[in-house]
Every structure is written in C-alpha cells, then in structure tokens.
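Enquirer: Go ahead and model the full structure; you've got the sequences and the hints to work with.
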Amino acid sequence: MNFIPQIFQRRKIDRDVADEIESHIEEKAAEFVAQGMTSSAALLAARREFGNVALTAQQSREVWRWAPLEELLADLRYAARQYRRAPAFAAAAIATLALGIGANTAVFSVVNAVVLRPLPFPEADRLVSVASLDTRGGAPHPDQLSYPEFFALRRQNKVFEHIVCYRDTAMALSGAGEAVNIPAQIVSWDLLEALRVRPVAGRGFRPEEEAASEHVVILGYRLWQKKFAADPNIAGRTISLNREPYTVVGVAPRDFAFPFDNPAVQLWTTLAIDARSATQQAMTDQAGSRLLEAFGRLRPGVTIQRAKSQLDSVAAELAHQDPDSYGAVASTWITPAIDSVIGDTRRPVLILLGAVGLVLLIACANVANLLLARTAEREREFAVRASIGAGRARIVRQLFTESFSLAIAGSCAGVLLAIACVHAVARLAAGSIPRLEQASVDAPVLAFSIALAFLTTVLFSLAPAMRLARIELISPLKEAARGNAATGGRFCGALVVVQIALGLVLLSGAGLLASSFTHLLHRDVGFRTDGLLTFSVGMPTELTRGTAHLPFESRVLDRLRALPGVTSAAAAVPMPLAGHQIMMSFNIEERPSGPSNRPISDMALVTPEYFLTVGIPLQEGRLFTERDDGKSEPVLVVNRAFADKFFPGERVLGKRIDPGGTADDVRTGMREIVGVVGNARQDALGAAPDAIYYYAEKQLPWCCLQYAVRTSGSVPALQSSIHAVVAQIDPDAPVYKMHPMEEMLSQALSAPRFQTLLLGAFAAIALLLTAVGLYGVLAYAVLSRTREIGIRIALGANPSAVLRMVLRRAGILVVSGIAIGATGAAAGNRLIRTIVYADDMPQSLLLFTACVVLVIAATAAALIPARRAASVDPIRALRND
Amino acid sequence: MMVLRTLQRSPLHGYALAQQIKRSSKDLLQIEEGSLYPALQRMLKDGWLKAHWDVSPTGRRIRVYRITAAGARHLDKEVSSFERMLEGVRFVLDGNQSPERV
Chain A
238 MNFIPQIFQR RKIDRDVADE IESHIEEKAA EFVAQGMTSS AALLAARREF GNVALTAQQS
298 REVWRWAPLE ELLADLRYAA RQYRRAPAFA AAAIATLALG IGANTAVFSV VNAVVLRPLP
358 FPEADRLVSV ASLDTRGGAP HPDQLSYPEF FALRRQNKVF EHIVCYRDTA MALSGAGEAV
418 NIPAQIVSWD LLEALRVRPV AGRGFRPEEE AASEHVVILG YRLWQKKFAA DPNIAGRTIS
478 LNREPYTVVG VAPRDFAFPF DNPAVQLWTT LAIDARSATQ QAMTDQAGSR LLEAFGRLRP
538 GVTIQRAKSQ LDSVAAELAH QDPDSYGAVA STWITPAIDS VIGDTRRPVL ILLGAVGLVL
598 LIACANVANL LLARTAERER EFAVRASIGA GRARIVRQLF TESFSLAIAG SCAGVLLAIA
658 CVHAVARLAA GSIPRLEQAS VDAPVLAFSI ALAFLTTVLF SLAPAMRLAR IELISPLKEA
718 ARGNAATGGR FCGALVVVQI ALGLVLLSGA GLLASSFTHL LHRDVGFRTD GLLTFSVGMP
778 TELTRGTAHL PFESRVLDRL RALPGVTSAA AAVPMPLAGH QIMMSFNIEE RPSGPSNRPI
838 SDMALVTPEY FLTVGIPLQE GRLFTERDDG KSEPVLVVNR AFADKFFPGE RVLGKRIDPG
898 GTADDVRTGM REIVGVVGNA RQDALGAAPD AIYYYAEKQL PWCCLQYAVR TSGSVPALQS
958 SIHAVVAQID PDAPVYKMHP MEEMLSQALS APRFQTLLLG AFAAIALLLT AVGLYGVLAY
1018 AVLSRTREIG IRIALGANPS AVLRMVLRRA GILVVSGIAI GATGAAAGNR LIRTIVYADD
1078 MPQSLLLFTA CVVLVIAATA AALIPARRAA SVDPIRALRN D
Chain B
122 MMVLRTLQRS PLHGYALAQQ IKRSSKDLLQ IEEGSLYPAL QRMLKDGWLK AHWDVSPTGR
182 RIRVYRITAA GARHLDKEVS SFERMLEGVR FVLDGNQSPE RV
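Protein sequence lines, in the order shown, are assigned to chains A and B. Just so we're aligned: the first sequence equals residues 238 to 1118 in my numbering. Just so we're aligned: the second sequence equals residues 122 to 223 in my numbering.
Misleading hints may appear alongside valid ones.
Using C-beta positions, here's what the derived DEER-type ranges look like [unchecked claim]:
| id | chain 1 | residue 1 | chain 2 | residue 2 | range |
| --- | --- | --- | --- | --- | --- |
| 1 | B | Lys-171 | A | Met-703 | 49 to 57 angstroms |
| 2 | A | Gln-272 | B | Gly-168 | 36 to 44 angstroms |
| 3 | A | Glu-674 | B | Gly-168 | 53 to 61 angstroms |
| 4 | A | Tyr-315 | B | Asp-175 | 35 to 43 angstroms |
| 5 | B | Ser-156 | A | Leu-306 | 22 to 30 angstroms |
With the Cβ distance kept under 8 angstroms, some of the chain A side facing chain B (calculated, not the full set) [what the hints assert, rightly or not]:
| id | residue |
| --- | --- |
| 6 | Val-254 |
| 7 | Ala-255 |
| 8 | Ser-260 |
| 9 | Val-290 |
List of simulated lysine-lysine pairs, PhoX-like, C-alpha gap at most 25 angstroms [stated by the list, open to error]:
| id | chain 1 | residue 1 | chain 2 | residue 2 |
| --- | --- | --- | --- | --- |
| 10 | B | Lys-198 | B | Lys-143 |
| 11 | A | Lys-868 | A | Lys-892 |
| 12 | B | Lys-166 | A | Lys-249 |
| 13 | A | Lys-249 | B | Lys-171 |
| 14 | A | Lys-463 | A | Lys-974 |
| 15 | A | Lys-395 | A | Lys-545 |
The hints are simulated quantities; they were obtained by calculation from the structure and are not laboratory data. For every residue, glycine included, the Cβ atom is placed at its ideal position computed from N, Cα and C.
Expert: Structure (structure tokens):
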C-alpha cells in the first residue's frame, strides 16, 4: 500500500527500533542493578532475558519491508557494485547487447512501419483492394479494371459501403507562381467518404460531380500550404489545372495520403476528366482501357469471401454479355487493402528481421561467454555467500538480476543506437519500400526492445545459471585456486560453435544477396545509360486530343537537337526501366485466336530516333523512319525477346500481328514486323528481358510521350537548358520527372541495394561478434591454464607447440561450427533465393567463400591468445599463486 | 491481543509493556521479551498502534505506544472470536453438554 513513503522513512524506523531495544535492555539492567547485581552482570542478564537482539531488530525491520521489491533493489545495488568493480566486462557486455538489440530495434521499427502498422484510417481492416482476375497467359493474375466494369460493380454492389476507383495522372498547375506538374489521382466521387476522412476545409466530392462537364478538385494539405498560403476560404476558388478552370471543393487533412503509399499525390479530381477525355470514345465507355485500381469499404460483417462471390457474379454476367471484352476477366480479386500496399516487400523485410535475430543470438552467446567466465571467477564469492546461508535459488536469482540490469543497460543503449540509425536505414530505400519513410522508434518498438531485453536475459544467463546450479558451491572454498576451468571451457566452446554456425548462415546469405546485387549492377540493361536524360512535359488539355501534340513535340525535339553537346533526341512512352506500363494483347496472323485468348506483351510508342538516342542496337531489318506515318504501311519493330518468345526458331521479319491499337487517322489491322532490336530492359529487376513491340508514334499518336536526350557533354548543364527550351515554346508547360538514366537505374536498384547493405552489415557484425567470442573463449582458456602452460614450457615444451595447441582448439571449434552452419546456410539461402532477383553464383562457391572469410576472421581472433600462451613466462606463471 | 488489551488500559513503553503482560498473566506466560518488538512493529504498520518518543519519570528516553481507534475495533473483534473459540473448546472438553447433543 503506502510502501513508497515507508521506504524513505526506513532509516528513521530502523533507528527507532534500535534505540528502543537499547533502552529496554538498559532499563532492565538498571532494575537488576537495583536488585544488587553489578552493572556488567546486569547487562548480560538483561540481554539473556531479551533474547537475540540482532534477530529481533531485523525481524522488527522486516515488518516494514515489501520483500520482493526490496530484495530486487538490493540485488540491483549489488549488481551495480559488481559492474563498477569490473568495468571492462560490463562495457563489453553492454556494447555487445546494444549492438544486437539496437540492430533488432531498428529493423523492427522498419517491420512495424512497413508491415504491421494498419492503414491510417478508421476501421481500416474493412478496406479491401478490388481488381479483376486475368486468366490469360499462365497463372491467373490481378488486372486493373475498365470504367464500364467498375460502374457495373458499383451499380450492383451489395457488399461495400463504398467502392472507389482511382488512377494515376499528373496535372499542370499554372497561375500560382511557376507552372508545376503535380502528381494527381482521378477518383470516383466517394473517396473521402469511403476512407471516413473529413476535409480540413470545404467538402468532399458529390455524386453529380462525376458528370463530364464538372471541373472540381480537392487539394492536398501541403499544396494548399505552399501554393495557396493556407487560404481558409480556398473552397469555391477557381484554379488553373492543365489550363482549364477547376473549382476547389476541399482540402485534405495534413497526413492524408492516397493512394495509401504515395504521399506525393496532392490533387484529387473526379472521373469527369476521363468522361470528357478521349478522341473517339470517352474513356469511361471503353471496355479495353483497363487502367483503374479500386478499393472498397466492406459493410460490417461482410467477409472477403462473400464480397468476392458477389463481385464474381457481376463479373461473370459481364463476361457473358460481352465475352470479347470480358471473357478473360470473368472473376475478381479481392485482398485486404494493406496487402496491396505492402505487396512483395513483406518477405524481404521479414527475412531481414530473421537475420538480425540471428545477430542477436550471436550477441547473446558472446555475453553468455563473458558471463560464464565471470561466474567462474566469482565461484569463491558465491561459495562464501552459500556458506553463510544464501539459498542456491537466491544466488541464481542474484545472477539473473545482474544479467537483467546488463540487458536493460544494453537495451537503452541499443534504442539510442536505433533512433540514430533508423532514419539512415529509411533513407537507403525510401521510395522503393512502401511506408519505409514512416519508420520510427515509437511505443510498439520500445515495447519490442524491452521484450528483447527480457529474452536476452534469459538466453545469456541460462548457461551460467545452469552451471551455478550444477556445481558444488562449497568446493571452491576448499580449493586453493581455479579448478574446474575444463567444464566451463566446454560450455563456452559449445556457445562459440553455435556462434560460428549462425555467423556462417548470415555470411552466406549476405554473400548470396551481394552476388545477386553485383550481378544486377553489372548486367547489361540493353541500352546505354550514360549521357542519357529523360523528362516529361505537362501539356495543355487541348493539345492532348488527337494528333494535336505532334507539332509541339517535334518543335521540342528540334530545339533539343540544336543544343550544344546533344547528339540526338527522341520521344517515347514508356521509357526503358519505367516498368510494365502498357501491356497490350495482339493477334498473330498465322495463329489467330479469340479476343480473350490472345498473347500479351509490353508495348511502347517511339519516334524514329528513339533506338539511336537510347542506344538500342538494330539486329535485323530496319528501324522506323519519318515516312512511317498514318498513311504508310502499318509496321512494328520488336525486340529479340519478343521474336524468341512468340516466333521461336522462325524468321520474324515479315510476320504480321494486330495489336488493335486505335486512334484518329490510324490504319488498323495486321501490321508487319520490319525490324528486330536488342533487348532493352523495361524492368531493371526482372530475371530475363521482357518481350516488347514498338509502334512508330505517328502510326499510333497517343498523347503524351516522354523525351530522351543523349549528350556528349555534361548532363547537369543539359538540365537547365532543357527548362529554357520548353519555356521558349510554352512558358506554362511544366517540365517534370527529369532524371539522368543513371539515376533511374540506381533508383530501380534501391530495394536490392537496401537488402544487400543491411544483410551485409548484419553479417559483418555477426563476424565481428563471433571473432570476439572465439577470442574471448581462447583468451580465458589460456588465462586459466597459465599455470599448466608455464609448467609445460618449464619442462621443455616448444612455444610453437603451445601455439599449435591453442590453434588446434580454435580449429576444432571452427570446423564443428562450419559443419553445423553449412546445413543452416543451405536452408537460409533457399529462403533468400525467393527474394533474389537474379543470381548466377553456385551455392557451393558461396558457401566456400563464406567459410574462407569465417576461417580468416577466426584465425585472426585465435592468434592473439595463442601467441600469448606461447610467450608465457614459466617463472611468472608459477609464481602467480 | 494481549498487547492491545494492555495498551487499552494505559499507554506504555516497550519495557513497561513486557513487565505488565508478565505481571498480569501472573508470570504464567513467559515470553521472550525481544519477541514483543516485531509484534509491536507489525501493529504499528497495520495502524492499530501509534508511537511517540517521550521521557520517563526516571529521565530515560522511552517510546510510548498507544492504541488507535482501529486497534480498539480490531481488539473487540479478536476478543469476541477468541471467546467464541474458548467456548467451543470448553464444550468439547465438557463432552455431552454441546448444544447439538442437547
């Protein structure tokens, strides 16, 4: 109850009791003196009558105690005293634990932010992603929706409170400072309602604002602050987007991010923009434009299975009505929305957590070793305590308290370390791992590190405690000196074997990732990244219709070519390394098939100079020329992978396929393949280059292409002249996404780089800790055998024989560790191979390399104690006692 | 219980309390005087007693204990339950006169 003030009153109470007892005895003695005793005899008699003074005093004091806590505090004080007496031991143990716990805390904060944390919306567990399930081309895979499909799902919806579609776009904001291009989303009207987000100003969209005539927009908080000075009356104001007037209806809250993993998006507009978009048919009516992502909020109590079966029936009905458009997507794909955000990153992040867990185990083994050595040294002390009445359990508890205080100290230092590191870690792969930038050391992470402190305490004090419980506590008192180093040595040896095994697992895993990453770095991307710059230009809406953008584009290209140092310039969409942006199915003339069974591959639109500019070599036939336009023969160029995949072993030139892409003034029907080019990677991480076919832009004038410029001069200088060139043509057209291709490649590789660096760092720490552990065990063995070694040398043993003796012991430990670790390493690498993008290094070579590294580190660690043993001075060693 | 009852009659210090108990039990209860003190501390902690330092008529610094209201209540409870127990013991010792048998 009120034991806390009592703790502070303790001294007074103790003094009172002591005074009182003293006074009692004096009074009694005085009485005996009055009866005629001498004063000394009286005092003795009084004490005899009183009983055990010390015990009484103690029992009186104990009444006031809250025993468990008091004992804990006493143990803690004792532990602190112990560590003050052995600062090197304490520092080594705490540093090791700080490293282990810090690394784990940092990685856990990443896991927490990326995988564990729910989406930041009310009842986020009811949010699900909705897609159609495409059964074309191998395994069924989720595919985006078309507007007609989405409208059907929404109209017949019985399972969602809201179902919302969205797609990426970008809008040029002018009239508010310099024209800028802002990442935006085109959404159905109930985005905010579905997420249960209240705008900080204004309102959300209304259903009628999906009509083609409406121009409404919701601003992101940052955009509102930066471009509109946080104007509180922004709602109702008209702003210029893509040079059309849009009415601002509301402002999203500060932390609002939609799509969930994309905080860069700062504008949301309704699908009205797509209802008035297209050249022939509005996108909202096109069954073939499968560009929409969708999510829904399930009604309470509705399971994903039930939602899926309802949506499936809608999809099946659509497929039945229009098998050409929907035959291949007759069912749907529904997953928790959080899964679509986390995507493929769950596994690599969890593998990293597992790896860092191994580091912690190694750290624990090290501390256990230190503690074992220390316990052995303190055997006499424990024996003394046991002989004056301490129970064995009490001593073991003392040991655990000491360990726990070490772990807590290590954990505190580790958390500080993690706080310092986590931002650096997050920066390593920001952008390539969703939500990584949100990683921070918060309450769950702290709880995790405290749990780690408990866990490590148990792990590293188990061995010393077991040893204490087993040994005869009294015997060390009788013995003159350190007797049983042998049993302790065996224990420590086993720990080092475990460390070596775990270290090998980490080393070979890191080796696998590193070899895969180097492979990615050095493999041919199929084009020349150096001296190549790409960028986009925001076009006014009236230029995006039909072929209106073509004159603008050729003016930009002409001016670019006139710049000093520029060797060539071209336009294309998508650019290499941009990912699989446009997949389009096609019909092969020789093997025609129905619309829902056609083969599918990447495609791109390019201007004639594209291949030269980007550096893709021509292998057969010809490239496009300026004469390949809407009036000439329809042609295509394909890459080698396309030829090999769809026309294996055949001569591909002259084959005809029909991808069916349409636009104004475009001849449809079969197109002849006139050229084969090298494989330029669309995706930097794919195992093999992807098949792709290229349209000449003039034969499919879709807007809008990106620009690629090759320079023999400096890329940074080129960047500013590009801004000038575009501003001369149209001062309101923003230039955006300007990146040197080298930078694009580097960004594309950031996820594997992140994994490789992190696992490499863990392996390095593991190696260091293992080496330190081995060193510690050998050094301790040498120290406790100094006398024996001294005698050997005195009797004529060769120092090199002593050296060999110590190294032999190290060798046995290392070989057993490797033998055990090899199995673990094979299993670990099988796991890691599931996240590896490409590798060409055989398992055995990897394992061998890891073993060699381990053996070198172990030899270095073993040599120091071995040399010390060899240089033992027999005289001093024997005098030691 | 004895301590509380004794202190209820008048506040006393430890030595006097020990003597008083010895005397009032007519020397039948020979307890170790020391064992009194842990008991006193327990009762202090439970709030049944209060203690203060005083100076005795003989000029000795003494710690005087007095019973609190809570202590008195506890004593009443203890006494009545003790008496009930004694009654029970007497019934058993007297054999046939237990209420159930009558």
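Enquirer: That 49 to 57 angstroms hint for Lys-171 of chain B and Met-703 of chain A (C-beta), does it hold up?
Expert: holds, 51 angstroms
Enquirer: I want to verify a distance hint. Is the separation of the beta carbons of Gln-272 of chain A and Gly-168 of chain B within 36 to 44 angstroms?
Expert: holds, 38 angstroms
Enquirer: Are Val-254 of chain A and chain B close enough, Cβ to Cβ, to be under 8 angstroms, as the hint says?
Expert: holds, 7 angstroms
Enquirer: Minimum Cβ distance from Val-290 of chain A to chain B below 8 angstroms?
Expert: holds, 7 angstroms
Enquirer: Is it true that the CA of Lys-249 of chain A sits at most 25 angstroms from the CA of Lys-171 of chain B?
Expert: This hinted pair holds, its Cα atoms lying about 15 angstroms apart.
Enquirer: Would the hint linking Lys-166 of chain B and Lys-249 of chain A be met if the CA-CA limit is 25 angstroms?
Expert: holds, 14 angstroms
Enquirer: With 53 to 61 angstroms as the target window, see if Glu-674 of chain A and Gly-168 of chain B comply at their CB atoms.
Expert: holds, 58 angstroms
Enquirer: Hint validation: Ala-255 of chain A versus chain B, beta carbon distance must be below 8 angstroms. Holds or violated?
Expert: For Ala-255 of chain A, the interface hint is violated, since the closest Cβ of chain B sits about 10 angstroms away, which is over 8 angstroms.
Enquirer: Take a quick look at whether Lys-463 of chain A and Lys-974 of chain A sit within 25 angstroms of each other, Cα to Cα.
Expert: Satisfied, since the Cα-Cα distance of roughly 20 angstroms is no more than 25 angstroms.
Enquirer: For the hint on Ser-260 of chain A, does the least C-beta distance to chain B fall short of 8 angstroms?
Expert: holds, 6 angstroms
Enquirer: Hint check: Lys-198 of chain B vs Lys-143 of chain B, CA-CA at most 25 angstroms. Holds or violated?
Expert: Roughly 23 angstroms between the alpha carbons, so the hint for Lys-198 of chain B and Lys-143 of chain B holds.
Enquirer: Measuring from beta carbon to beta carbon, are Ser-156 of chain B and Leu-306 of chain A in 22 to 30 angstroms?
Expert: Check passed, 26 angstroms falls within 22 to 30 angstroms.
When each numbered hint is compared with the structure, a violation occurs for hint 7 only.
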